[in-house]
Amino acid sequence: MSSPPPRPAASAALSPVNRAAIVDLRFVEALEALAAAAPPEALAPPARAGDEPLVPGLSLTVREALRCFEAQVASRHLDLEARAMKARGECFYTIGSSGHEANACVAAALRPTDPALLHYRSGPFFLRRAAQVPAATPLFDVLLGLAASREEPIAGGRHKVWGSASLAIPPQTSTIASHLPKALGLAVAIERARRLELAGRYPPDAVVCASFGDASMNHATAQAAFQAAGWLTQQRLPAPVLFVCEDNGIGISVPTPRGWVCEAMRLRPGIRYLWADGGDLAATYEAAQAAAVYVRETRRPAFLHLAVERLMGHAGSDVESTYRTLDEIAATEARDPLLRVARQLVLSGAATARSLLDLYEETRARVGAAAREAARRPRLETVEEVVRPLAPRDPARVRTEAVGAAPPEARARAFGGGELPEAQRPRHMAVLIGWALRDLFARYPEALLFGEDVGRKGGVYHVTDGLQRAFGRARVFDTLLDETTILGLAMGAGMQGLLPCPEIQYLAYIHNALDQLRGEACSMAYFSQGAFENPMVVRVASLAYQKGFGGHFHNDTSTAALRDIPGLIVACPSRGDDAAAMLRTAFAAARVQQSVVCFLEPIALYMRKDLLPNDGAWQFAYPAPTDDAAHVPIGEARLYDEGARDGADLLLIAYGNGVPIALVAARRLAEEADGKGTRARVRVLDLRWLQPLDERAIVEQARAAGRRVVVVCEGRRAGGVAEPVLALLAEHLGSEGLVVERVTGADTYLPLGQAAELCLPSEESVLSAARRVLSRPAPGAAR
Amino acid sequence: MSAAGEAPSARPLRVALVCPGRGSYAASELGSITRAQAGEPPEVVAARGRALAAVDAERAARGLPAVAALDQAERFSPSLHLRADNASDLILAGGLAHHGWVEAAAARGAAEVVCVIGNSMGFYTALAACGALSWKDAAHLVGALGAAQAERGPVGGQVVYPVHATETWQPDRARRRAVTDALAASGARLSIDLGGSVVLAGSTTELARLEAALPPEERGGRRYPLRLAGHSAFHTSHMAWLSAVARDTLATLRLGRPRVPLVDGRGAVFRPLSTNVASLARYTTDHQVTEPFDLAAALRVAMREYAPDTFVTLGPGETLGGVIGQAAIAEGYRGLRARADFQAIQEAAAGASEAGHPAPAPPLVLALQRPADALSLVVFTSSNTG
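Listed in order, the protein sequences are those of chains W and B.
Quick note on our numbering: the first sequence kicks off at 5 and runs consecutively.
Quick note on our numbering: the second sequence kicks off at 69 and runs consecutively.
Bound-form chain W, shown alone (with noise of 0.2 angstroms):
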């Protein structure tokens, strides 16, 4: 009933360039071979029934077999068609699937409810995975994809992934394989749900499924994923998950050394290591079986390594023959796995060539129509549009959620039976902190908190002392030294319903595994519209002051990584009782906002008590969880008017470290008269959230001070919170004149001793500044 095959064209036949045309013609012209080799149909032998092993011996039945030949020529169309849509300009991605068809196989071995997270020549998985499950359209959402429609279900034309909430496939959009980490941690997140009897988003037996490439597995933040997979087994821990290599043989144009991949992984210690030759559908499948088999039983990690071809190069803009010979790309074609299934099929009598090939060109009218239609939909055409699902942002259920608290008896059993903490003296902020972290965990069940120390030691600074005791291993735990590993177990946690908080030992730890946050955490929602999530509060010890002690490691003050980082919340308490009840709040942003949230915890102030000389000053009373002060509402800076109440003549700036040395600075300002015997009143603002800036104080307290402005910030000149504020006040102040100075650290690594705090802000040296925009002309006057 279909229409003959248009042919390509012969000049696109003898291209080096346009190799997609030749791949369609070979397998088209192969087809039409085998089906002119067939017996009539009288003599033909009967159809194989559907329930047959398509070899005998082996699982793969004849329509399992079938099924996934579907999945894969829909997916070479898909390929074609992109490149034809790119041709009309319609199309914005052309990296294809073609020659990874044994993708399809890991798809018919895993269940539909098992987590993927897919690389991006997973089209065949894709519509393996879709069509078992009723009502799907993954070849039209496919083709919105490559439109970059803002109908494409999953990113709404942000990117073109394979991913789908209903096929239980979380977006990826990794192409360095950084989204094996939280693989992993989804897999460990599955069954710790399961130790604590909470229900998760997925099956308490699903194995989680992360593809990546033979050339990507290279990277460091995979090979994190298999040392913190092994490690875990070596435990005895369980970590359902299933590292699927494609391995092509080819990064972009370098070739994988020959062996490579099988050398570095078949003996890794706690996965099992398993390899099929992806041309060969029922040895993949059989393979991808055992695989998956083997992890949902053992609940340990497997590592499937499937041969597979690059064909059509990179990508559409890819030109092959400037880095392989013809020859060799024509030898990759011949091997072309589609068209080795498809003789697998007609050879073993599942199915006749006339009815592969009339499946082939169905597929290419379908798949050609269905582009037609995707490229009329429409596409995102504001800036509001395109940001809408990065960090969706609820204050009033942010802070109905923040002010609440366990049950009463659930809290006395969390702080031991003693006296309450709200009932206490004022104490530190590490105090306060851990407090508040029992508050947390005693109403949040499926609250986790990890990191390296954070069990049995209760943190290098005693902040999770006692924790793991209370709450048991299950949900407070000690991981190993690898942050990339942490944040990835973080995100699974939250992919799975939970709710992580990580610690990351030191701040500039976690600049080694940023991308986790950058890459990863903060895109989910973005490229999911909000269908997948993964909030967190990643608790960082952080910034400097530590006496000399400790040099640059463990004093590190870069903010401005963290604060460049689409939809991150961050979070610099500067006392106790702010601490408290932010991190209430960034829980409760967490919970209902799925917020990613980095929470900056001053190390240097953990321990102060005094602001002035033994004066307790620094020290704060709990706020109990239900009342209201229980919560800061994200981006409010909190104001000390020092008595100035009715305007000042200077605004400090400040946050963390900063905070105690403006306010000890704005008050020996204020025990200076001048030459007329005035003093100088002086208010501080401590700005408390890093990203987002409360803009709104900073501006009105500027103008409010007479817009002289000191700024202070421990992080580096070049790049620090200054440079914002800075900005902040030049846009909204300057017109009407401004006298402004920062005081910063210095762009230097912090030296070890003594010599750190010449690098960094001090009260002498913000005093000076103070003094210098107190005593200059009124801003302003001059004009």
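No wet-lab data here; the hints were simulated from the structure.
Every residue, glycine too, gets a C-beta built ideally from N, C-alpha and C.
Careful, some of the hints might be misleading.
[To be verified] For each label pair, taking beta carbons as the anchor points, the in silico distance ranges come out as:
| # | chain 1 | residue 1 | chain 2 | residue 2 | range |
| --- | --- | --- | --- | --- | --- |
| 1 | W | Ala41 | B | Gly131 | 34 to 42 angstroms |
| 2 | B | Arg287 | W | Leu62 | 58 to 66 angstroms |
| 3 | W | Thr404 | B | Ala253 | 48 to 56 angstroms |
[As the list claims (entries may be wrong)] From chain B, some residues computed to sit far from chain W (all C-beta separations above 12 angstroms):
| # | residue |
| --- | --- |
| 4 | Glu97 |
| 5 | Ala218 |
| 6 | Ala242 |
| 7 | Thr317 |
| 8 | Ala412 |
| 9 | Gly419 |
Using the hints, position chain B against chain W.
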């Protein structure tokens, strides 16, 4: 206009075939099954003959008069035409009698069926139209189910309720919510989701409660919620007994793989190469009988995955045209956003066809019940040659 049979220069029209269910044969359909029309290609005559022969053989075996006796009755009689056995046979015979138009169009390269959908009982017609059941076997299945229902009489019933905006035909969320609330309050259940309307079902008491709970409404001279005369609580657990009859009957028949993709009442697709016939049988006799039938999902899957130029509805009747139009508007298919868009492409195509010109774009719906639509299918060539 070029004669039917002349090879078209453009590609064949991609057609999704939609088979109507119970309730499609009413007074205006009298005579529509057996009446010949001018210009019929031979395939149409043959198909009508085959359809009537298959259904009449079953009816004769059950002691029922031939379909022609019903179709050519002087007037429409609810007690006769809506009785379960007669009504079912009229639906199947009326559907298959029109199938010849599709065969004729395919033979001329004018159209190609890319998927088949049945609405409710029309799923049995769809099984025959896609080649999974022979027409004879389909007639036997439908006959057996119709006879069992006629013997037992209606069990509960169905009402229709619109959930689209009257003027634009766009989905109306507030009405959807009202339906959800009324279902929860009454114990009645969703039976068929048509997209723009819903069919709700339940026992007599449940329906009475439902009718009291739904905001009443008058549209096009009809009052909603509207009872469907003679219907049972189809696609609910009230029909579990009928499942048993369906299983026993289908076990004696030769169900095969469809020759064209078949989209079921969940939006799942049974494909020619890879269908598991046992699953298709199970769906047909179990889920399809006792669980909601989601025609809206089926239409959406057809639009997105098979991208038809045109939905062709078999007879009897042409009520599915509006349903398809509403589904297309909900999907934004072919750029349709509102009823006026739908009417515009329908009228442009009809006007062109009447004037003997190729249409600027194919119509969204062709109803084979309408002679002009039927004729245009066999001579139609898509202007879209992509």
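Beyond 12 angstroms from each Cβ of chain W, as asserted for Ala242/B: holds, 23 angstroms
Satisfaction of the hinted span 48 to 56 angstroms by the C-beta atoms belonging to Thr404/W and Ala253/B: violated, 30 angstroms
Outcome of range test on Cβ distance (Arg287/B, Leu62/W; 58 to 66 angstroms): Cβ of Arg287/B to Cβ of Leu62/W: about 60 angstroms, so the range 58 to 66 angstroms holds.
Verdict on Ala218/B as a residue remote from chain W, using beta-carbon distances over 12 angstroms: At about 32 angstroms from chain W, Ala218/B clears the 12 angstroms cut-off, so the statement holds.
Assertion that Thr317/B lies farther than 12 angstroms from chain W (Cβ): Holds: least Cβ distance 23 angstroms, greater than 12 angstroms.
Outside-interface status for Glu97/B - nearest CB in chain W farther than 12 angstroms: About 30 angstroms separates Glu97/B from the closest Cβ of chain W, which puts it past 12 angstroms; holds.
Ala412/B and chain W, when compared Cβ to Cβ, separated by more than 12 angstroms: holds, 16 angstroms
Distal placement of Gly419/B relative to chain W, Cβ over 12 angstroms: holds, 23 angstroms
Distance restraint hint 34 to 42 angstroms, applied to the beta-carbon atoms of Ala41/W and Gly131/B: violated, 55 angstroms
Hints 1 and 3 from the earlier list are contradicted by this structure; the remaining hints agree with it.
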